[in-house]
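J.: So the sequences go chain by chain: A and B. Counting in the working numbering, the first sequence runs from 5 upward without gaps. Counting in the working numbering, the second sequence runs from 5 upward without gaps.
For the record, the hints were derived by calculation from the structure and aren't laboratory data. Any given hint could turn out to be false.
Identical chains share a label here; the pair holds if one copy fits it or two copies do between them.
In silico PhoX-like pairs for lysine-lysine, Cα to Cα no more than 20 Å straight-line [unchecked claim]:
{"id": "1", "residue 1": "Lys136", "residue 2": "Lys384"}
{"id": "2", "residue 1": "Lys385", "residue 2": "Lys136"}
{"id": "3", "residue 1": "Lys200", "residue 2": "Lys245"}
{"id": "4", "residue 1": "Lys195", "residue 2": "Lys365"}
{"id": "5", "residue 1": "Lys195", "residue 2": "Lys399"}
{"id": "6", "residue 1": "Lys182", "residue 2": "Lys221"}
{"id": "7", "residue 1": "Lys176", "residue 2": "Lys372"}
{"id": "8", "residue 1": "Lys200", "residue 2": "Lys182"}
{"id": "9", "residue 1": "Lys245", "residue 2": "Lys221"}
{"id": "10", "residue 1": "Lys399", "residue 2": "Lys372"}
{"id": "11", "residue 1": "Lys399", "residue 2": "Lys340"}
{"id": "12", "residue 1": "Lys136", "residue 2": "Lys245"}
{"id": "13", "residue 1": "Lys420", "residue 2": "Lys221"}
{"id": "14", "residue 1": "Lys384", "residue 2": "Lys340"}
{"id": "15", "residue 1": "Lys192", "residue 2": "Lys221"}
All values reported here derive from a predicted model rather than from experimental measurement.
Number of protein chains: 2
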Amino acid sequence: MIQPRTLRGFRDYLPDAMMPREELINTARRVYRSYGFAPIDTPTLEYAEILLGKGSDETDRQMYRFEDHGNRDVGMRFDLTVPLARFAAQHIGVLGTPFKRYHIATVYRGENTQRGRYREFMQCDFDTIGTKSMVADIETALVIHDLMTAIGFDSFTVRVNNRQVLSGLLEKLDLVDKSTEILRALDKLAKIGPEKVAEEMQQAAGASAEQAAQVLKLAEIGGSTDEILSALDSLVSGSEKGEIGVGQLRELTQAAAAAGVPAERLQIDVSIARGLDYYTGTIFETFLGELPSIGSVCSGGRYNDLASLYTNQELPGIGASLGLDRLLAAMEELGKLEQRTTPAEVFLAYFDENSLQQYLKIAALLRKAGFNVELYPEAKKIGQQLKYADRRGFKVAIVAGDRELAENSCQLKDLKTGDSKTVSLAGGAEELIAAIPEILRGTA
Amino acid sequence: MIQPRTLRGFRDYLPDAMMPREELINTARRVYRSYGFAPIDTPTLEYAEILLGKGSDETDRQMYRFEDHGNRDVGMRFDLTVPLARFAAQHIGVLGTPFKRYHIATVYRGENTQRGRYREFMQCDFDTIGTKSMVADIETALVIHDLMTAIGFDSFTVRVNNRQVLSGLLEKLDLVDKSTEILRALDKLAKIGPEKVAEEMQQAAGASAEQAAQVLKLAEIGGSTDEILSALDSLVSGSEKGEIGVGQLRELTQAAAAAGVPAERLQIDVSIARGLDYYTGTIFETFLGELPSIGSVCSGGRYNDLASLYTNQELPGIGASLGLDRLLAAMEELGKLEQRTTPAEVFLAYFDENSLQQYLKIAALLRKAGFNVELYPEAKKIGQQLKYADRRGFKVAIVAGDRELAENSCQLKDLKTGDSKTVSLAGGAEELIAAIPEILRGTA
């Protein structure tokens, strides 16, 4: 006999974990589609040469890589960005631009699992490719906002920044050559404080004390969106790049407000930097008001050229990725996940073997009316059946023995309160169809 | 520069292929859930020892197998049945029985692609585990029926058989030891005709001419469900197994009729055999009325013991699998797939850069009303934008230039007919929200 077990870093999803996952994916899909993003999929396996060297050294090392049956060097995708780049380069002629896609799929990284990370996880990306228009940046912010509210969060903040603001400032300060070192130091601000950051800027990047102080001014900027924008205006004044960046932040925040996004949900945060090499304009991170410590649950930004490794055609774009697993972990921690193991609300007890056809008819009528109904498959003791129904998380139970069926009626039981009432089956299931929603709404 | 390409046997799904795929998956999910089946997922990668030897020699050979970063011998799943067996053995204590699950996931087989097969494809299974009750068999038939109608097929036949009927007959004829050879011969009936089959039964299985003739009687049985059942009654009479099998077919067809399944959609077909070793009772295949030649699009059956390789606990069950790719191929051939590359119905032209905020407001109001709306990101010539909208398959376009917006109105264009009318934007988008569905329904 073989021991049933999963590989380290991989996991089974039982119904209680899979149901909220499916719901979250459906919500994301619905919101993406409402903005005209279309679904695509790409293979799990790709030529290794397509995948290698497109992420980081770390992703290269973590990639599951092997020889296939035809001795090809293949790898399992470790993200959805590299496959998108390959896909866009290959198909953009057919797809046309602007091309708006979402891609919800599993990716694989043979990484160290000690950080509580998994080797197989799902990504949930959306991107607009082939346009530099700020409309795409604005809509990305709106999608993130709608996504978070559709999932059920009231309190969250989409933090937005623009890489050109910092680039402009560094240009103005003659520090362009040292951007990476400056950013690396700035990134430690929350951890080590401004003095140490200034020190590091001077030592590692060769900045003067005055230059370091100027860069740090950026991090001190706060207040309302208008206040931040005017502080940024003066800070970058004279740098074309910086002025463009601030202008884009202004356009984005004003347009989002016009589209109905409350100011507290979209805030400029000049301290976020993200993917130093990849992003070139607008960047986003999203934090939960009730659990900011879990980190950004939806991040992304604008890039100049998606697929330069596979095509000469310039493909600018902007996109973001919903952190599905992180979000589910947060929802669990916040008690936002219902503990159920059935997708059906209605449990139909199997009381009397001779009445099976009647049970099947009742179930069929209820399903036609839009309810999810499970008929228990065995005529076990009713107490045992109701215990099963309760444990799985059904909302109502229908119990009909010979006596009830002879009277053309059934018992409808609220599994939460334990209340039960007699409902007539005369003329079909009309009365049941009316009575069940009252119990589901808690207004019976 | 690296040539962007996919591996042989793998494919990209562009939006026109991915959208109907997503819709089909959603339909399957909805139907499964309506019967109380709950979703699960298992890892793509498993220990090779879990996967090997559980399918056939062929699946073993086709399995993608390699050493992972921890030098473990791992494989990519080649179906969802083996992972289900491992999953059930591992978790049945927590899950409890009856356990009804669906699993929609990608599987991998490094097989010969010359037959038009793919090395990565999706399976869409549902199973009821832990009960021998015929209720589960009946519901499996009902799920298949509801699934086919929900997908949009009117004309199809679920063919049902019961392995015990044939076993009983062979028992009665003293041919049990030769079951495999007899079945193998019988399986060729349509191809080589009854005389050659009888010959093979005599040569390969050592049956007498009389025995072969008796077995072939089975294949001659036809007529209405009642006629078939009474012919089977006399054929198996005296064999306990055979009588049980016919009794189960009778119970299943009668119950399905009571639950509303038309007789022509559920037919007994004693010629279907399926998976000689695996199935032990009810078996199903499903054929499209308009395209039977494409083969069964939903098949399955009852098995005695799902997970005997991983646990001593006996886990009987029944399930079936929707042939997603085959069904999509059939739908394409039958012209049932809409040719669109956008999930949005409403195209909002971007006419005037100064009016962006107004466009964003209109789009937000329409999305709130449940429409999928794409705002074109660039203020290009209107002809170019409408050409884009037409090519992608949008249904309506909203065009609002300075003049229209100054008058608080817009043009609403039916992209199918080319008709256009002026709609007021006074007080929001109420008039648009009323007018768009008329065009979508074709009743404008």
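J.: Checking lysine 384 and lysine 340: alpha-carbon separation at most 20 Å within a copy, between copies, both or neither?
T.: neither (34 Å within a copy, 45 Å between copies)
J.: With 20 Å as the alpha-carbon cut-off, assign the pair lysine 136 and lysine 245 to within, between, both or neither.
T.: Answer is within: at 15 Å inside a copy they meet the 20 Å cutoff, but 72 Å across does not.
J.: Under a CA distance limit of 20 Å, which applies to lysine 420 and lysine 221: within one copy, between copies, both, or neither?
T.: Neither: 57 Å inside a copy, 57 Å across copies.
J.: Can you tell me if lysine 195 and lysine 365 fall within 20 Å by alpha carbon in one copy, between copies, both or neither?
T.: Neither way: lysine 195 and lysine 365 sit 65 Å apart in one copy and 41 Å across, limit 20 Å.
J.: Since the copies are identical, ignore which copy is meant and state whether lysine 245 and lysine 221 lie within 20 Å (CA to CA) inside a copy, between copies, both or neither.
T.: This pair counts as within: shortest intra-copy Cα distance 18 Å, inter-copy 86 Å.
J.: Under a CA distance limit of 20 Å, which applies to lysine 385 and lysine 136: within one copy, between copies, both, or neither?
T.: between (67 Å within a copy, 17 Å between copies)
J.: Using 20 Å as the alpha-carbon threshold, which applies to lysine 136 and lysine 384: within, between, both, or neither?
T.: Between copies only: 13 Å across, 65 Å inside.
J.: Give the relationship of lysine 200 and lysine 182 under a CA distance limit of 20 Å: within one copy only, between copies only, both, or neither.
T.: within (17 Å within a copy, 84 Å between copies)
J.: Measure nothing new, just compare the shortest in-copy and cross-copy C-alpha distances for lysine 399 and lysine 372 to 20 Å and report within, between, both or neither.
T.: within (18 Å within a copy, 30 Å between copies)
J.: Tell me, please, which holds for lysine 399 and lysine 340 at an alpha-carbon limit of 20 Å: within, between, both or neither?
T.: within (18 Å within a copy, 38 Å between copies)
J.: Between copies, within a copy, both or neither: which fits lysine 192 and lysine 221 at Cα up to 20 Å?
T.: Close inside one copy (15 Å), not across copies (83 Å); limit 20 Å.
J.: State whether the alpha carbon distance between lysine 195 and lysine 399 is at most 20 Å within one copy, between copies, both, or neither.
T.: neither (48 Å within a copy, 53 Å between copies)
In summary, the structure is inconsistent with hints 3, 4, 5, 7, 13 and 14 from the numbered list given earlier, while agreeing with the others.
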